[in-house]
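Asks: Numbered by numbering that gives the first Met the number 0, the letters in the sequence shown go through residues 0 to 270 in order.
If you're looking for bench data, these hints aren't it; they were derived computationally from the structure.
Note that beta-carbon positions come from the ideal geometry of N, C-alpha and C, so glycine has one too.
Careful, some of the hints might be misleading.
Claimed, not checked - Label pairs and their in silico Cβ distance ranges:
no.: 1; residue 1: Phe149; residue 2: Asp84; range: 42 to 48 Å
no.: 2; residue 1: Val22; residue 2: Ala194; range: 55 to 61 Å
no.: 3; residue 1: Gly248; residue 2: Leu146; range: 49 to 55 Å
no.: 4; residue 1: Gln251; residue 2: Ser195; range: 37 to 43 Å
no.: 5; residue 1: Thr169; residue 2: Ala194; range: 23 to 29 Å
no.: 6; residue 1: Thr204; residue 2: Gly148; range: 35 to 41 Å
no.: 7; residue 1: Thr59; residue 2: Ser165; range: 30 to 36 Å
no.: 8; residue 1: Gln251; residue 2: Tyr82; range: 44 to 50 Å
no.: 9; residue 1: Leu138; residue 2: Asn113; range: 19 to 25 Å
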Amino acid sequence: MSSIMIEHLDGKIFDLDALGFRVASYNPPTASVTYTYQQIGNYGTTLTGAQTAQLVIPLTVVITARDMNDYRLQLIELHKIFYTDEYFYVYDSNIPYLRYKVRAEQIAPTQNGNFWQSNNVTINLDCPSGYAETINTSLELSDDPNLVGFGLNYMTDRKFTARFNSTDFTFTNIGLIPLQADERPVTITFNGSVASALTITNQTTNQSLKISKSLSASDTLTITGFMPAVNGTPIYGDSDHGYIDFVRGDNQIHIDGSTSFTISFDTRFYY
Numbered sequence: 000m001s002s003i004m005i006e007h008l009d010g011k012i013f014d015l016d017a018l019g020f021r022v023a024s025y026n027p028p029t030a031s032v033t034y035t036y037q038q039i040g041n042y043g044t045t046l047t048g049a050q051t052a053q054l055v056i057p058l059t060v061v062i063t064a065r066d067m068n069d070y071r072l073q074l075i076e077l078h079k080i081f082y083t084d085e086y087f088y089v090y091d092s093n094i095p096y097l098r099y100k101v102r103a104e105q106i107a108p109t110q111n112g113n114f115w116q117s118n119n120v121t122i123n124l125d126c127p128s129g130y131a132e133t134i135n136t137s138l139e140l141s142d143d144p145n146l147v148g149f150g151l152n153y154m155t156d157r158k159f160t161a162r163f164n165s166t167d168f169t170f171t172n173i174g175l176i177p178l179q180a181d182e183r184p185v186t187i188t189f190n191g192s193v194a195s196a197l198t199i200t201n202q203t204t205n206q207s208l209k210i211s212k213s214l215s216a217s218d219t220l221t222i223t224g225f226m227p228a229v230n231g232t233p234i235y236g237d238s239d240h241g242y243i244d245f246v247r248g249d250n251q252i253h254i255d256g257s258t259s260f261t262i263s264f265d266t267r268f269y270y
């Protein structure tokens with residue numbers, strides 16, 4: 000039987016049904032998008048912007064207990080599970096590969112008469128990112144394709160990978176939204192020999208980043224959003240200040256300045 004799971008940031012997992020919090024409903028809505036329009040002329044408007052707002056996920060549970068003392072202890076347990084001073088994750092055990100990072104709004108349980116259970120308790124979970132995320136990263140999915148769940152836009156005609164060693168390759172963003180350097184940056188890791196300069200180009204978005212620095216095979220170049228670093232030391236001054244976004248679907252990547260290397264793309268995907 001499926002249940003709704005709560006996972007704290009320290010790794011503790013709570014199975015609500017198993018703990019006596021019978022889940023009556025859990026219905027995550029689609030993303031909350033606000034559209035901005037500009038009046039153009041007399042006949043109609045033009046869409047000028049679309050921003051995703053926070054998502055509010057309603058969760059309804061019924062507190063069950065063995066007696067009145069147990070009911071009071073269940074209230075304490077409920078407060079501990081949905082502690083409101085930090086984020087936690089919520090996911091359906093039927094779809095354990097997608098989770099929402101949320102905080103709980105105020106909870107106000109009411110007892111069902113003299114019974115050792117509550118009336119329906121509605122718990123609103125606020126998800127500021129507006130989307131669910133994959134529990135596993137792109138590198139984990141690349142290492143073990145069995146971790147990819149149904150409905151995640153996984154390519155059935157070719158193997159998903161996030162590690163490459165050729166100068167031209169395709170990195171696929173299997174999520175529903177773009178991965179942008181200023182919002183959801185992909186961590187790029189490069190190991191290889193570079194004589195004088197390295198350029199990474201996303202030909203799909205016409206964006207590139209050039210690093211004007213020699214690298215040895217033992218060096219590790221990491222790029223997270225706008226910030227490149229070699230062996231942990233920032234080298235923003237050695238770059239052309241470019242950055243790379245990734246659209247939904249296939250992104251055609253080209254490497255200049257090195258022919259012997261490995262490059263990887265580490266990210267979660269959003270739905």
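Asks: Take the hints in turn and mark each one as holding or not.
Replies: Taking the hints in turn, this is what the structure says about them:
1. Our hint of 42 to 48 Å for Phe149 and Asp84 is violated, since their Cβ atoms are close to 35 Å apart.
2. A hinted range of 55 to 61 Å holds for the C-beta pair Val22 and Ala194, which are about 59 Å apart.
3. Look at Gly248 against Leu146: about 20 Å separates their beta carbons, and that is not inside 49 to 55 Å.
4. Our hint of 37 to 43 Å for Gln251 and Ser195 is violated, since their Cβ atoms are close to 25 Å apart.
5. Roughly 26 Å separates the CB atoms of Thr169 and Ala194, a value that falls within the hinted 23 to 29 Å.
6. A C-beta distance of roughly 27 Å is found between Thr204 and Gly148, which places it outside the suggested range of 35 to 41 Å.
7. The hinted range of 30 to 36 Å is not satisfied by Thr59 and Ser165, whose Cβ atoms lie roughly 51 Å apart.
8. For Gln251 and Tyr82, the hinted distance range of 44 to 50 Å is satisfied, since their beta carbons lie about 45 Å from each other.
9. Between Leu138 and Asn113, the C-beta spacing of about 55 Å breaks the proposed range 19 to 25 Å.
Of the hints listed earlier, those the structure fails to meet are numbers 1, 3, 4, 6, 7, 9, in rising order.
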